[in-house]
Each structure stands twice: as structure tokens, then as C-alpha cells.
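Which chain is which? The protein sequence lines are A and B, in order. For the record, in the first sequence the residue sitting at position 63 is 63 according to the numbering used here, with numbers rising by one throughout. For the record, in the second sequence the residue sitting at position 453 is 453 according to the numbering used here, with numbers rising by one throughout.
Simulated from the structure, these hints should not be mistaken for lab results. Treat the hints with care, since some could be wrong.
For identical chains, the list gives no copy identity; a pair is met inside one copy or between any two copies.
Claimed, not checked - List time: in silico DSS-like cross-link candidates among lysine-lysine, alpha-carbon distance up to 27 Å:
1. K350 / K501
2. K384 / K43
3. K472 / K483
4. K370 / K524
2 protein chains.
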Amino acid sequence: MNGQMMQQPLLISMLLVHAERHHAEQEIVTRRCEGDIHRTTYKQLAQRSRRLAKALAQLGVQDGDVVGTLAWNTDRHMELYYAVSGSGAVLHTLNPRLHPEQLCWIAAHAEDQVLCFDLTFLPLVEAVAAKLTKVKHFVLMTDRAHMPKESKIPDLLCYEELIEGQDDGFIWPRFDENRASSLCYTSGTTGNPKGVLYSHRSTVLHTYAAALPDALNCSAREVILPVVPMFHVNAWGLPYIACMTGAKLVFPGPGLDGKSLHELFESERVTVSAGVPTVWQGLLAHVEANGLSFSTMRRTIIGGSACPPAMMRAFQEKYAVEVLHAWGMTELSPLGTVCTFKPSQLDYSKEERYAVQAKQGRAIFGIDMKVVDEEGKELAWDGKTSGELLVRGPWVVGDYLKGEGGNPLVDGWFPTGDVAHIDAAGFMQITDRAKDVIKSGGEWIGSIDLENIAMAHPAVAMAACVAARHPKWDERPLLIVVKKPGAEVTREALLQFYEGKIAKWWTPDDVVFVDAIPLGATGKMQKNKLREQFQDHLLQAAPSA
Amino acid sequence: MNGQMMQQPLLISMLLVHAERHHAEQEIVTRRCEGDIHRTTYKQLAQRSRRLAKALAQLGVQDGDVVGTLAWNTDRHMELYYAVSGSGAVLHTLNPRLHPEQLCWIAAHAEDQVLCFDLTFLPLVEAVAAKLTKVKHFVLMTDRAHMPKESKIPDLLCYEELIEGQDDGFIWPRFDENRASSLCYTSGTTGNPKGVLYSHRSTVLHTYAAALPDALNCSAREVILPVVPMFHVNAWGLPYIACMTGAKLVFPGPGLDGKSLHELFESERVTVSAGVPTVWQGLLAHVEANGLSFSTMRRTIIGGSACPPAMMRAFQEKYAVEVLHAWGMTELSPLGTVCTFKPSQLDYSKEERYAVQAKQGRAIFGIDMKVVDEEGKELAWDGKTSGELLVRGPWVVGDYLKGEGGNPLVDGWFPTGDVAHIDAAGFMQITDRAKDVIKSGGEWIGSIDLENIAMAHPAVAMAACVAARHPKWDERPLLIVVKKPGAEVTREALLQFYEGKIAKWWTPDDVVFVDAIPLGATGKMQKNKLREQFQDHLLQAAPSA
Numbered sequence: 001m002n003g004q005m006m007q008q009p010l011l012i013s014m015l016l017v018h019a020e021r022h023h024a025e026q027e028i029v030t031r032r033c034e035g036d037i038h039r040t041t042y043k044q045l046a047q048r049s050r051r052l053a054k055a056l057a058q059l060g061v062q063d064g065d066v067v068g069t070l071a072w073n074t075d076r077h078m079e080l081y082y083a084v085s086g087s088g089a090v091l092h093t094l095n096p097r098l099h100p101e102q103l104c105w106i107a108a109h110a111e112d113q114v115l116c117f118d119l120t121f122l123p124l125v126e127a128v129a130a131k132l133t134k135v136k137h138f139v140l141m142t143d144r145a146h147m148p149k150e151s152k153i154p155d156l157l158c159y160e161e162l163i164e165g166q167d168d169g170f171i172w173p174r175f176d177e178n179r180a181s182s183l184c185y186t187s188g189t190t191g192n193p194k195g196v197l198y199s200h201r202s203t204v205l206h207t208y209a210a211a212l213p214d215a216l217n218c219s220a221r222e223v224i225l226p227v228v229p230m231f232h233v234n235a236w237g238l239p240y241i242a243c244m245t246g247a248k249l250v251f252p253g254p255g256l257d258g259k260s261l262h263e264l265f266e267s268e269r270v271t272v273s274a275g276v277p278t279v280w281q282g283l284l285a286h287v288e289a290n291g292l293s294f295s296t297m298r299r300t301i302i303g304g305s306a307c308p309p310a311m312m313r314a315f316q317e318k319y320a321v322e323v324l325h326a327w328g329m330t331e332l333s334p335l336g337t338v339c340t341f342k343p344s345q346l347d348y349s350k351e352e353r354y355a356v357q358a359k360q361g362r363a364i365f366g367i368d369m370k371v372v373d374e375e376g377k378e379l380a381w382d383g384k385t386s387g388e389l390l391v392r393g394p395w396v397v398g399d400y401l402k403g404e405g406g407n408p409l410v411d412g413w414f415p416t417g418d419v420a421h422i423d424a425a426g427f428m429q430i431t432d433r434a435k436d437v438i439k440s441g442g443e444w445i446g447s448i449d450l451e452n453i454a455m456a457h458p459a460v461a462m463a464a465c466v467a468a469r470h471p472k473w474d475e476r477p478l479l480i481v482v483k484k485p486g487a488e489v490t491r492e493a494l495l496q497f498y499e500g501k502i503a504k505w506w507t508p509d510d511v512v513f514v515d516a517i518p519l520g521a522t523g524k525m526q527k528n529k530l531r532e533q534f535q536d537h538l539l540q541a542a543p544s545a
Numbered sequence: 001m002n003g004q005m006m007q008q009p010l011l012i013s014m015l016l017v018h019a020e021r022h023h024a025e026q027e028i029v030t031r032r033c034e035g036d037i038h039r040t041t042y043k044q045l046a047q048r049s050r051r052l053a054k055a056l057a058q059l060g061v062q063d064g065d066v067v068g069t070l071a072w073n074t075d076r077h078m079e080l081y082y083a084v085s086g087s088g089a090v091l092h093t094l095n096p097r098l099h100p101e102q103l104c105w106i107a108a109h110a111e112d113q114v115l116c117f118d119l120t121f122l123p124l125v126e127a128v129a130a131k132l133t134k135v136k137h138f139v140l141m142t143d144r145a146h147m148p149k150e151s152k153i154p155d156l157l158c159y160e161e162l163i164e165g166q167d168d169g170f171i172w173p174r175f176d177e178n179r180a181s182s183l184c185y186t187s188g189t190t191g192n193p194k195g196v197l198y199s200h201r202s203t204v205l206h207t208y209a210a211a212l213p214d215a216l217n218c219s220a221r222e223v224i225l226p227v228v229p230m231f232h233v234n235a236w237g238l239p240y241i242a243c244m245t246g247a248k249l250v251f252p253g254p255g256l257d258g259k260s261l262h263e264l265f266e267s268e269r270v271t272v273s274a275g276v277p278t279v280w281q282g283l284l285a286h287v288e289a290n291g292l293s294f295s296t297m298r299r300t301i302i303g304g305s306a307c308p309p310a311m312m313r314a315f316q317e318k319y320a321v322e323v324l325h326a327w328g329m330t331e332l333s334p335l336g337t338v339c340t341f342k343p344s345q346l347d348y349s350k351e352e353r354y355a356v357q358a359k360q361g362r363a364i365f366g367i368d369m370k371v372v373d374e375e376g377k378e379l380a381w382d383g384k385t386s387g388e389l390l391v392r393g394p395w396v397v398g399d400y401l402k403g404e405g406g407n408p409l410v411d412g413w414f415p416t417g418d419v420a421h422i423d424a425a426g427f428m429q430i431t432d433r434a435k436d437v438i439k440s441g442g443e444w445i446g447s448i449d450l451e452n453i454a455m456a457h458p459a460v461a462m463a464a465c466v467a468a469r470h471p472k473w474d475e476r477p478l479l480i481v482v483k484k485p486g487a488e489v490t491r492e493a494l495l496q497f498y499e500g501k502i503a504k505w506w507t508p509d510d511v512v513f514v515d516a517i518p519l520g521a522t523g524k525m526q527k528n529k530l531r532e533q534f535q536d537h538l539l540q541a542a543p544s545a
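Modelling step: build the complete structure from the supplied sequences, incorporating the hints.
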């Protein structure tokens, strides 16, 4: 027997319709690529999205066709989010930081038929346009005044002209909520990148869960500035959450340096932001160097990789900005866990609270998780025993695009490739990527803890810990360090810095000082490259243990 | 093209599984019918629910079978919520305040096969058991020690024995999320009550939306005491929300008087509660009479009918308990709107804020609403123009059980029978029930405003305003008043009390003082009875206008 409630599909267009009806005059503010600060409202954004949907249809975009974007966080990019998915096509956000060849490979694999891109990326697109043979239309996301006089790109279209050419007499179509809405590729440090194809259902459910008080806790009274790019797993869902809640949105466009960000935080009275640790490093450095503060910011959500404890303390103690650790993946839309306190933890001492906040947190409702040993047996939630983290839920990948890489699931669970432990209260902490774990004499050493300790040393700007081959223990940890400009520290002093902070046998065997650590397109350290470069270091350098 | 995310149905059992895994040790505290304060945890509740599910299966309860309850808010009732729906049967919560004949009619119409009931209702069930011919098993929700020595009910089963007889080796089945989960009947002041059959999908989506920061705003750090009965539209969803968020739950059992409630609020450190205005009246009277306060309560959600302004001020100004106005219906699972501030309203003066709080609030995400005129044309959102309120969304009724009353929808919208206006910011205010509106010379007069003004008079305990027939204007408002014990006020003084508070022609034509106003089973004033009794009052009494 079925229930007798209305059958209404969960569609992404519902979010925009809700924002237009219930938060029509709420502002969306963008630092555009043209350099100006542009102000619009949900009402205008909804009208323009409908006109854009009509324009795309006129360009021949049909149900299930893929529209690619190479764009910063802007109101225009948000219009594309809704116009493309809302009309039944698939939004494919490309990461402009990828190597041009990889970009072309991904655009071809995804079968992008239209490519919309910001002014910033005109040279990039001009360089590769000839290789993008499946793309039928190139759209430059600007107005006529900023269009190039001539371009190597044939029939380059102007975004604003497309919108001006249409009225907004368009009604969002109603269709099955399981239809594809959007597409992101994993960064793919090994093998080809793989596409994760989200559905309308998975996106709306993720939006509900991510906005909850124990997740990102977004109400209509927030002013949200997503630093995390809209080409990086839908800016962690914030462009959807904002419409659901009617929060004011502030888009930084291409201005991701500390100065540009801080100016926007202050001028637009931003209350909450989200991004990866590397961006916050730049912001904190700018704030510190100029004796600034945050007058309205109350929270920042940090994910992508673990937040160094020193950064967490700086935000909370110097600037009264609460840090919320979160964990997710492209394959999870992306949110899996957020670190919010349970009631019993509210009475903890300051240090006990930091110990909780260092973890990636509790599963948001909809996601279930477990850690398993190498035989796939579930491990105890004791806060110590690490194993591979597996997850499941209605916004977790079931299959990669075109079946790439075969069935990714194990008994209905998605193996994340992260190594973690879970404590009795359900707080999960990532100790490593499975491929970054250091296997020393059959025991596992997590590299993240070792890196965090090094990062807490005043002379260290960046630190990576990788497995190096060892004649006796198979692998031992090797610390690779970039010093802060002008700062000095010796190998011996750094190794001594570990004393009392960690089990003695976890201490790295050696330290290598380098000028820079290679970063990938999403800002993460490319530890596979370091491993390749330094794998024989301990064999050559006479190990200390 | 479909998305490629996991296909996972939204099932009510997910909520309990989540609570058990992620909030195992969180407490659920009940003032039981046996008189004791009983403490349990989500872990124990989940184990007992599985055992109960096995016991129900052994009693022959199959997929889609209906299990009725006549019970207060207790942990056992919550076990039934999950055991029945979770195992694929349908939970039917009966309202014990209904007339016994109506109860029997509803139980027969719903085809209840098992009836579980609290000790309080043993006499009631004994009186009607012979008429409940479709019920195969009667279960008294208590332990062996409290079972009656003998009973007129044949083969009366003991709830605790059913649970003790099973192990918890039971796995919640997985099935289509559109399957029926639970059933509530509308109070049906006119015609037969009608059944609203919720689905797993509608319930889980409602739970997500109702927990959001701009709705009931429930985190793991709340201590929730639902005063609103679990036999009254699922206690507004709180037993589901609590599992989703891991909040501590406090159940008042049969103790709904001011003293019992206040004791629990204080001893269990309750932070948020929810109920209809009549209950809060009793609570406030007790607190006031005994010079008490609320040391942990921060918010109370008031719905069911409009919160009298005087009550709102008392809660907020004397006791620092924020009042959240909400609106819903059995047909909406029940939540439609909640009155939380928009950012622009935070700077309002105190009186401007009260004017906002008097409204029922903004639609929670998932619900769309509109007001229409008598031809069904949508009216402007101007905060003045009233019309019938229509809603739609994935937790709104599509059809009543067994098609009772025909198709309730108009072009896909559900007409609520409420009369309301919506302002430019999207805040809806109920001005009347459609059937209670007073039609004076072709213009509509809302009865709720008139009642609120009378209620603000210090001598008035309760007030109803109904349409009375009038020779010139067709209908005119007639005020019916119950005075506070020992208080005095004249007809003239009351009518004068309206001056300056409302358009002159809205002032009631006359006042009738009565000893009591009849209340229905859900605590609402039965204005249809008053209308019948007093419809000719103005024709007989020489009207003043």
C-alpha cells in the first residue's frame, strides 16, 4: 500500500523558484572578472536564468546534453547552474587549473556541447579550442563591451547578448528526479579522471542535509561567501543551500588573494565562508601583516584537507572566527561529515575541545559510514583503530560516468580511499589517504599527524610526510619541508620537535628541505610526485633508525 | 540520462538506525503512565523497537497492515512509531479525546488490526472493545505488574511481555519509499473524519525540512519536550526530528498540567518545546501563580491555532522564552510555515518585531503556497488582501484514504480551508478559517483578530467571535466571552476596548457572556456549535448597528 501524499519530484529548479518567491529581494553580490562589484537579487537571477535556459535551447541544447563551464564563483556561473540543470541538461564544471591536455580529455569524455567561460580563461580556450571538436558553441561570459574584437575561436558568442535576446516566459520543466543534473570529475592523481554524475534527487537531498543545524547551519540571516570554487564539487553545495535558505550570497570571482577576500568579507558583512586550508593561509597572512580583523565573520568551514591545528587556533583565538572541520569528496556531492559538538562536549576544557575539533566530525543525516580492516571487517569505534573509510547514502556515487573503472562499490558501500578512525561518539578522523599511509614493519603510520606537528613549528611554511623505502622496515616516514621566508631550522631541531607529541617510532627518519611542494589543481599537495622523487632517499642517506 | 548516484530509499527506519549508530547513549526520558520517570537511550530504544517489530510480525502483522495506538507521548509510543512503520506496516495514531463512537468509526474505517493503548485508556477500550470487530489483538502498553487481574477485553496482551519474548536479531526491511508509513485522521468538525496516509518519503522529507535553521532549528544540543501529542499529526514530527539530530527527548506522558510540565522542563533541562496555545495557558498560569521561571527553556513553538499576543509577550518578556509561531495541518504532515526573522527584520523596533511574530511565517523549503480569490485567481502578496490559502509540496496530501470526499486538489494545489494574506517578504498570516469568516455586507471580517483583542482584556479568559445573522448586513460579528474567575467586565467596556485597535465597522455588534466555550478533541474552539446556538442572537436582541 502506498502513501497518498503529493508526488512531486525533487528538482534543482525548485530551489530557484523558492528563492524567487520567498526571498525575491535578497542580494547576490559578485566581484566580476570585468573588475566591478555587481549587485543583483534572487528575483533578477531567476529571471535571467529562465532567459538563459531559452537561449541554450535555441542553441540546440536538449535534455541530457552537457554544458561545460570554465568559470569563477560569480552570479553568471550561478545562472548557469540553474539554467542548465533546471532545463534538463547537465552542467559540467571544468577545473581551469588542470593541464590543458587533461581539460581537453575531460571535455571530450563528457561530450560537452557548449562551453561557457570567463574572460580570464579566454587565452586558455583560444589555445585549445581547435582540439575541442565536440563543442558546438563557445560562450564568453561577459557583455558586448568586453568581447574581443577578434578571436581564434570561431563564432564566439556573448553571454549577455544571449540573455538579452530572450524574454523570461519560460517554465521550468518537470521530470523524473533521478535525471542527471550535473557532472564533476575527480582530480585523478592516478589513472584518468572519473566523472561523477549527480542527479536532481541527490542534489536536493544533499542540500537539505548540508543546511541542517549540525551541518553548515545556514539560515536566511547568513551572508555566505563561498571561497571554494564552483568548479570544485559545486562549491560544496553552497549555491544550492543559499537558494534553499534565502541567504545573501557574495561571490569573490577571480579575487582569491587575501586582500581581495578580506575587503569583501568586510564590505558585504559576510558571516560564513568555506574553503580549503591553503586559501585561508593566504587570508590569515594578509590579515596578520596588516593588523586587520573580522568584524562580521563568525564561522569558516574548512575541508578538502585537514586544517592545521595552528590555523584553527589563530582563527578562533585571535579573530573569534569559529572553525568547522568538514569532510567530503567529489563522490559525495561532497558532504559526508561536519564537526559540530555534541551536548556532552560543551563542558570540555579548551584543549579537549580542540581535540574534538581536530576530527572531521559526525556523519550528516543520510550518510552512513564505517571503517574496515584489510579483510573488509568493520572495526570498532574506539577513536584509535584506523582502517579504510566506507560510506553510503543517497548522494554517494553508485557508478562513475560510462562505467569508468568498473563497479566502485563493495557490498553497497563506497570505499573512499581515506584511512580513518571513528570514536565512540561517532566522530571520524582522517589519518591518511590509503595511498599515503606509511607501512613501517607491518604497522601503519598516518602522514597527516606528522605533517600537522611540523606545521606547528614557527619556521615551517609547508610540510609533507611520505613513505621512503627502508631496508629493515620496508617503509619509514620522510619529512619534506618548505621553510618560511627568512626562517631557519635544522633537521635535528625539527626531529626533536616531535618528542612527546607522538609515539617515538612514528618520528620521521629524516628531513629534506625543498623550495616548493608541488600542488595539484584542487590545491592539494601532490604527494605521489614527492614519493617518486624521494623514495630512495633513506637507502642513499644512511637512515638514523 | 539518469544520474549515477546510489539508489537508496528514504525510509523511516533510517532515522532510528542513524540515532542508534551516531547517538547511541543520548537519553530519552519519560514520565510514564505508571507514575515513574523512566530513562532509556537511543541504543536501547532501537533494540526494543526491533524486538517489537518481531513480536508484531508474530502477531500476524504484515506489510501494509494497520496498527492503531491510543497513547500519550512516551518512549513506548515512540518504539511503536519505528517498529510499525519501519517493518512496513502502517501506524495509526488515534486521538483518545474523540467521542468513543467516532473512535470506533475511525478504527473500523482504517481497518486497525492491532490496538496498542496506555493504562489510562483501559476503561475506554474496555467500553468499546466489543465494537472493534476488526481488531484481532489488544495490547496494553505496560508491564506484567500493571496488567489488570481480569479484563473484559479477551486475550489482552502485555506490551513488555511481547518485547521480552523476542531477541533483537531483526534487520529493517528495505522497500519503496512511497509505501505508506502512518495514518492520521482530520478532526472533521463537518462530515466524517478523513484519513491522511503518509509515506516514508513524505515523512523523511518533512523531517529534513522541519529541522532546518529557519524551521524548528534542532541540533544534537537540544533537549526537546513535545507537549503536542503523538496522536496529533505525529507530534509535529518531533519524534522523527529527534532521531535525525540526536537530540535528547523528554516525554511528558499523561502529565500535561502546568505543574507536571514545569517540573520536567526544569529537572531535565529542556531547551525547546512545542504545543497549542491552550496548553501553554495552563503552564503560564502555574508559573505565574507560583513565582517560578524557566532556567533552560529558550524556545517554544506554538501552532494549532494562533498564539494570543498577550501570551507571546508573557513568554518573551517575563520568561525570556522565544515564541516561534508555526502553521500546519494534518494534511501537511503537518508543517507548512514557521515564523523566523529575515535579516532585514533584525533591526526592527520591538513593536515591529511583534507584528512579524504575530504572523504564521514563511514557507519551509518544499512547501509552496498562494492565496486566491473566490474565482481561484492568485492574490498579491501585499500583507492585506486575504483569500483562501492553497499549498503544495512532497508532504502535502494528494488524496484522502479510500478516496473519501473525492479529489481534494485544485490544479495540483491543496485548498487548506484557511483564509490568509501573505506580505511582500513572504510572511503568511491566517485571518480565519474559511467557514468562520464573517461576511458583512459583502466584505470579509476575520474572527481571529477580534478574538485576540478581546483576549488582551484583563478580565477575559476565553473569547470566540462568530457570524450572527443580521437583517441589513447579512452577517455581523458577535463576541462570546468567558470571564476570568472573579473578574468583571461589561458589554460596553468590552466593545469600547476595540476602539482604535481595528476598523470601526469590524467592531462586534454585541457581547454574550457564557460559562464555557466548547472545545474539540484537538483543543480548538468548536465555533460551529457557537454559530448554531447564537445565529439568531442579533435578530432577537435589537442590534446596535
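We went through each hint and held it up to the structure:
For the homomeric pair K350 and K501, the shortest alpha-carbon distance inside one copy (18 Å) is at most 27 Å, but the shortest distance between copies (54 Å) is not. In this assembly of identical chains, the alpha carbons of K384 and K43 lie at most 27 Å apart only when taken from different copies (22 Å versus 50 Å within one copy). Within a single copy, K472 and K483 get their C-alpha atoms no closer than 30 Å, and across copies no closer than 92 Å, so neither meets the 27 Å cut-off. Taking identical chains as interchangeable, the C-alpha atoms of K370 and K524 lie at most 27 Å apart only when both belong to the same chain, with a minimum of 25 Å there against 48 Å between chains.
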